[in-house]
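> From just these sequences and the hints, can you work out the full model?
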Amino acid sequence: MISIPHKAKQFSLFTVKLLVVIGAFYFIYQQIANKPALNWENSKRFIFEKTNSLEFVVIVLFSIANRFLEILKWQNLVSSFQKITLLQSTEQVLSALTLGVFTPYGVGEYLGKTLYYTKDKAKKIVLLNLICNGIQMVMIGLFGWIGCIALGFYKWSWVLLCVVVLVLIILLLVKKSKNKLGAIGAFISSFSFISSTIHRKNIAYGFLRFIALTHQFYFLLITFDVFVPYFTLIATISIVYLLANALPSFQLFDFAVKGSVAVYFFGQLGINEWLVVFISSLMWLLNVVAPVIIGSYFVIKYKTK
1 MISIPHKAKQ FSLFTVKLLV VIGAFYFIYQ QIANKPALNW ENSKRFIFEK
51 TNSLEFVVIV LFSIANRFLE ILKWQNLVSS FQKITLLQST EQVLSALTLG
101 VFTPYGVGEY LGKTLYYTKD KAKKIVLLNL ICNGIQMVMI GLFGWIGCIA
151 LGFYKWSWVL LCVVVLVLII LLLVKKSKNK LGAIGAFISS FSFISSTIHR
201 KNIAYGFLRF IALTHQFYFL LITFDVFVPY FTLIATISIV YLLANALPSF
251 QLFDFAVKGS VAVYFFGQLG INEWLVVFIS SLMWLLNVVA PVIIGSYFVI
301 KYKTK
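The sequence shown begins at 1 in the working numbering and counts up by one.
FYI, nobody ran anything at the bench for these hints, they're computed from the structure. Treat the numbers as computed from the prediction; the structure is a model and nothing was measured. We put the beta carbon where it would ideally sit given N, CA and C, even for glycine. Among the hints, a few may not be true.
[Unchecked claim] Listed next, with one range per pair, are the computed distances between beta-carbon atoms:
1. Leu87 / Leu54: 41 to 49 angstroms
2. Leu87 / Asp120: 41 to 49 angstroms
3. Lys303 / Val107: 21 to 29 angstroms
4. Leu87 / Lys121: 17 to 25 angstroms
5. Tyr297 / Thr197: 29 to 37 angstroms
6. Lys83 / Gly152: 42 to 50 angstroms
7. Gln82 / Ser196: 43 to 51 angstroms
8. Lys83 / Ile169: 19 to 27 angstroms
9. Ile293 / Leu61: 17 to 25 angstroms
10. Leu285 / Ser196: 20 to 28 angstroms
11. Thr85 / Gln268: 42 to 50 angstroms
12. Gly267 / Phe193: 42 to 50 angstroms
[Unchecked claim] Think about it this way: if two alpha-carbon atoms lie no more than 25 angstroms apart in a straight line, the pair counts; the simulated DSS-like pairs of lysine-lysine are:
13. Lys303 / Lys124
14. Lys124 / Lys201
15. Lys155 / Lys301
16. Lys83 / Lys121
17. Lys155 / Lys303
The following block contains the structure:
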């Protein structure tokens with residue numbers, strides 16, 4: 001075999017990292033430049049007119065809490081086989097997020113996190129990331145279903161309930177006959193290395209992260225003078241998250257998907273369309289763009305194992 005010089009490897013790695021970062025910034029710029037709701041002058045004027053310093057700090061704190069809970073969630077899951085520090089978890093989560101902005105459902109996150117571990121741990125990391133993202137989908141599905149019932153969308157709630165029951169029945173059958181089902185049974189068994197304590201913490205972090213995201217949206221609505229009962233707004237926000245996450249999209253276009261879904265449902269409550277798009281865009285900036293920018297630093301400083 002022809003060996004590649006160490007310097008050539010390092011240069012190739014640096015080139016790839018640089019391309020990822022440039023690509024992330026280019027896509028972000030394109031989205032900001034082509035989005036009327038993100039017009040900087042109008043946005044700044046609107047924010048400063050409607051919010052005071054304390055309210056703005058609270059809005060930012062919601063975003064910090066959202067990402068911090070994700071970092072704790074990942075640290076907790078990885079502790080099932082290896083202890084990592086909070087800083088290591090932060091680096092892995094944010095750099096993986098940067099790699100995931102180009103792919104639907106953030107598939108790039110799976111690759112990004114495996115890069116921090118040896119090859120023999122790759123399958124385990126992919127599984128942990130699946131659990132990490134899966135619990136968030138469970139929370140979105142559960143509260144979205146409750147939101148459907150609360151707002152009278154009974155047909156949707158029945159459809160969701162039937163889907164969940166069907167999935168549970170399939171999982172139960174697979175668990176009972178896992179020896180006969182080969183690969184599927186092996187996949188179910190692969191969860192056994194994670195303790196019940198870690199699972200409980202994962203559920204708690206997932207729940208708190210959902211609360212942070214929904215209440216950031218709620219806080220922004222009331223900050224910008226939307227006067228609708230609390231439970232109606234929370235139920236609507238939960239449905240928006242459910243439908244938006246059910247649609248395949250890129251992390252970078254997340255605000256466009258959530259914004260379009262939100263416009264319809266909040267429109268039913270008489271909330272101004274531009275305000276809904278603006279809030280969705282602002283949350284995208286705080287919860288996706290800001291972490292991606294920080295994650296770009298970790299991508300650049302990454303060194304192969």
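> Straight-line Cα separation of Lys155 and Lys301 no greater than 25 angstroms?
50 angstroms, violated
> Is the hinted range of 42 to 50 angstroms satisfied by the C-beta distance from Thr85 to Gln268?
Taking Cβ atoms as reference, Thr85 and Gln268 lie about 46 angstroms apart, which means the hint holds.
> Is the hinted range of 41 to 49 angstroms satisfied by the C-beta distance from Leu87 to Leu54?
29 angstroms, violated
> Evaluate the given range 19 to 27 angstroms for the C-beta pair formed by Lys83 and Ile169.
38 angstroms, violated
> Do the alpha carbons of Lys83 and Lys121 lie within 25 angstroms of each other, as the hint requires?
Answer holds: Lys83 to Lys121 is near 14 angstroms, not above 25 angstroms.
> Do the beta carbons of Leu87 and Asp120 sit within 41 to 49 angstroms of each other?
24 angstroms, violated
> Compare the distance between the alpha carbons of Lys124 and Lys201 with 25 angstroms, and conclude whether the hinted pair is satisfied.
Status holds; Cα separation ~18 angstroms.
> Regarding the pair Lys155 and Lys303, is the alpha-carbon distance no greater than 25 angstroms?
51 angstroms, violated
> That 17 to 25 angstroms hint for Leu87 and Lys121 (C-beta), does it hold up?
About 19 angstroms separates the Cβ atoms of Leu87 and Lys121, which means 17 to 25 angstroms holds.
> How does the Cβ-Cβ distance of Tyr297 and Thr197 compare with 29 to 37 angstroms: does it lie in that range?
33 angstroms, holds
> Could one say that the CB atoms of Ile293 and Leu61 fall in the range 17 to 25 angstroms?
18 angstroms, holds
> Determine whether the Cβ-Cβ distance between Gln82 and Ser196 falls within the hinted range of 43 to 51 angstroms.
19 angstroms, violated
Checked against the numbered hints above, the structure violates hints 1, 2, 7, 8, 10, 15, 17; every other hint is satisfied.
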